[in-house]
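**Q** So you can see what is in the structure, the chains are spelled out below.
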Amino acid sequence: MATVTLPARPRTEAVLWIRKNLLSTPLNVLLTLLLGTAVGGAIIALVGFIADADFTILRVNLALFVVGGFPRDQLWRVATSLGLFGVMTGLVAGLVWSGAAARAREAGLPVPPRSSLRQIARRFWPVGLVVAVCLGLTQTLGPTISVVSALVLGVVANRIGQAVPHKWRRWMWLLALLLPIVAYLTLTMSGIGWDQWGGLQLNLFLTMAGIVFAFPLGILLALGRRSSLPAIKGISVAFIELVRGVPLITLLLLGVFALGFFLPLELRPSGVTRVLVAITLFESAYIAEVIRGGFQAVPPGQTEAAASLGLTAFQSTRSIVMPQALRATIPAMVGQFISLFKDTTLVAVVGFPDVLAGSGFANTQAAFNAQGLARITLPFVALIFWAGCYTMSREAKRLERRLGVGER
Amino acid sequence: MTETTTTAPAQPMILMEHVDKFFGSFQALKDINLEVGRKEVVVVIGPSGSGKSTLIRCVNRLEKHDRGRVLVDGIELSDDVRKIQEVRRETGMVFQQFNLFPHLTVLDNVTLAPRQVRRLPRDKAEELGMSMLEQVRIPEQAHKFPGQLSGGQQQRVAIARSLAMQPKVMLFDEPTSALDPEMIKEVLESMEELATSGMTMIVVTHEMGFARAVADRVVFMADGQIVEVGTPEHFFTAPREDRTKQFLAQIL
Numbered sequence: 124m125a126t127v128t129l130p131a132r133p134r135t136e137a138v139l140w141i142r143k144n145l146l147s148t149p150l151n152v153l154l155t156l157l158l159g160t161a162v163g164g165a166i167i168a169l170v171g172f173i174a175d176a177d178f179t180i181l182r183v184n185l186a187l188f189v190v191g192g193f194p195r196d197q198l199w200r201v202a203t204s205l206g207l208f209g210v211m212t213g214l215v216a217g218l219v220w221s222g223a224a225a226r227a228r229e230a231g232l233p234v235p236p237r238s239s240l241r242q243i244a245r246r247f248w249p250v251g252l253v254v255a256v257c258l259g260l261t262q263t264l265g266p267t268i269s270v271v272s273a274l275v276l277g278v279v280a281n282r283i284g285q286a287v288p289h290k291w292r293r294w295m296w297l298l299a300l301l302l303p304i305v306a307y308l309t310l311t312m313s314g315i316g317w318d319q320w321g322g323l324q325l326n327l328f329l330t331m332a333g334i335v336f337a338f339p340l341g342i343l344l345a346l347g348r349r350s351s352l353p354a355i356k357g358i359s360v361a362f363i364e365l366v367r368g369v370p371l372i373t374l375l376l377l378g379v380f381a382l383g384f385f386l387p388l389e390l391r392p393s394g395v396t397r398v399l400v401a402i403t404l405f406e407s408a409y410i411a412e413v414i415r416g417g418f419q420a421v422p423p424g425q426t427e428a429a430a431s432l433g434l435t436a437f438q439s440t441r442s443i444v445m446p447q448a449l450r451a452t453i454p455a456m457v458g459q460f461i462s463l464f465k466d467t468t469l470v471a472v473v474g475f476p477d478v479l480a481g482s483g484f485a486n487t488q489a490a491f492n493a494q495g496l497a498r499i500t501l502p503f504v505a506l507i508f509w510a511g512c513y514t515m516s517r518e519a520k521r522l523e524r525r526l527g528v529g530e531r
Numbered sequence: 608m609t610e611t612t613t614t615a616p617a618q619p620m621i622l623m624e625h626v627d628k629f630f631g632s633f634q635a636l637k638d639i640n641l642e643v644g645r646k647e648v649v650v651v652i653g654p655s656g657s658g659k660s661t662l663i664r665c666v667n668r669l670e671k672h673d674r675g676r677v678l679v680d681g682i683e684l685s686d687d688v689r690k691i692q693e694v695r696r697e698t699g700m701v702f703q704q705f706n707l708f709p710h711l712t713v714l715d716n717v718t719l720a721p722r723q724v725r726r727l728p729r730d731k732a733e734e735l736g737m738s739m740l741e742q743v744r745i746p747e748q749a750h751k752f753p754g755q756l757s758g759g760q761q762q763r764v765a766i767a768r769s770l771a772m773q774p775k776v777m778l779f780d781e782p783t784s785a786l787d788p789e790m791i792k793e794v795l796e797s798m799e800e801l802a803t804s805g806m807t808m809i810v811v812t813h814e815m816g817f818a819r820a821v822a823d824r825v826v827f828m829a830d831g832q833i834v835e836v837g838t839p840e841h842f843f844t845a846p847r848e849d850r851t852k853q854f855l856a857q858i859l
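Here the protein sequences come in this chain order: H and A.
Oh and the first sequence: position 261 is 384 in the numbering used here, straight run, nothing missing.
Oh and the second sequence: position 220 is 827 in the numbering used here, straight run, nothing missing.
It cannot be assumed that every hint is accurate.
[As the list claims (entries may be wrong)] Some chain A residues close to chain H (C-beta under 10 Å, calculated; not the full set):
1. M700
2. N706
3. T712
Think of the hints as simulated: they come from the structure by calculation, not from any bench.
Yeah, the Cβ is synthetic: ideal placement off N, Cα and C, and Gly gets one too.
Let the sequences and hints guide you as you build the complete structure.
**A** Here you go:
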């Protein structure tokens, strides 16, 4: 009896599962049929759409979507900075691993395994998918070569970062953090300023620069809000509540169209600078509120213990409260960064050629005008943002789990 | 007052004079007068809400007293931050909930204050930290995180963390109240050894066995007042006050 039922068991369980969850009552049967038809129909429609669609508009305008109006004879700069980012990412990942491994060895715990390329592929598949789609649309070999070399450089840098001797680690970290600056200089030297940037590159730049500038400012505002000095507290609260009470688009419009009236001509910043200032101010207020939540999650016993040991208020904030508060805010912080990434498309509204604006431009070109091709370009833009945001949120969950190890 | 302070006119380690403390309109401490001599071990007992914790938290200014004077090793506590820091450097405190720093390893918990407050270099601080962990008999846990230890181990780390500052006074705020019964003993043993080594201690506890065996004096508090002070022998065999008798009858 048992020998007969054993092989059939998985199938029986599947059937049981379907019966229990999808067909348990007449209403459930009806719902299953309706939803099954809807989902199936949607999938068939989507496959049909992709099969029939003409992606010429994307093929012709790929550079517009990715780098906007960046001079086409200078694209090697973009390729170089991509390679530098590859090196930085690989190096940082390798250094993080070798640091964790060194700590584990010191503590006599098992050394964490290196992540294999397969695991990396599984973690970053949405981004990989978008990159593959883009490379599939290219008409020359240049982009493919630069993406592949960036990946190879990343892997090599990763191995170097893992193998680097302990005494050099500090310098390697410094090097890794200097690389984005080198990448930035590569992009901007010889007069290609921010104002010639565009496409996805502009969105990514605004996101990264926004985080880099708004994060420290947000920490200062959050600390200011906790301050016992009424003036500092008042200014922080006023700033945070003022900025949070205004839509980002209003701040962007103010920055672009109204800031000029308040500043003398020689001090008027360039267009992208204005947008970046507006984004930084906006983000810093939200980040400050996120961090404030983190402060509240640190039990008062922690500051009492620090005080009882003779730590000053500054030392206690820096070494005890801040690390725990920031750790507690990782999920909310990443959520904030994700919405910043998406919000950068608002610059399209105030006239900057970002990736969303690229969709608009492409549809005004003579070859594609008034053919409703936004049905192709807009989903393409959406796919890019979805891949970035979904990956960020998955990585945040992973980080949260890993940092949870030392938690009480 | 007691037989222990034979080193005649020496300045007391801790001196509290006419201390009052209010939380809003509630008076938590009423006219507290207490002297703790050098190397003396004072155990404070009393019903919950009687002000025991508030009393020792006034000694290192985790609570600010509203009236009267508090002196630690001759330093008077006031709003002067430098004086407060000075007192806290000399005063260790162990909490009911351990309050270890969960994001730091055990060794980093112990070496943090010596490095940041005493400015010891890392290797010196770690040497000191390891010797403190040996003193509470958990050097093998040095590289774990607090969350990986049992309650008793965590509390012993907390003791080592305070001792690493080489304080002159140790304050214990119900150090065993949050522990499972089987772990209480290991913590009390560490405290007993500390007392034997000549540390000045104020211990708020419900462990009457510890009070009887280790205390030089027992202080009984109720309703924010010190009701009775005496040697353990006197205190547990022939208490004077009715409140004390009542309390002892309830818990013994």
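**Q** The structure should be examined with respect to each hint, and the outcome stated for every one.
**A** Hint check:
1. M700: With a closest approach of 4 Å, the A/M700 hint holds.
2. N706: Status holds, d = 4 Å.
3. T712: holds, 7 Å
In summary, this structure violates none of the numbered hints.
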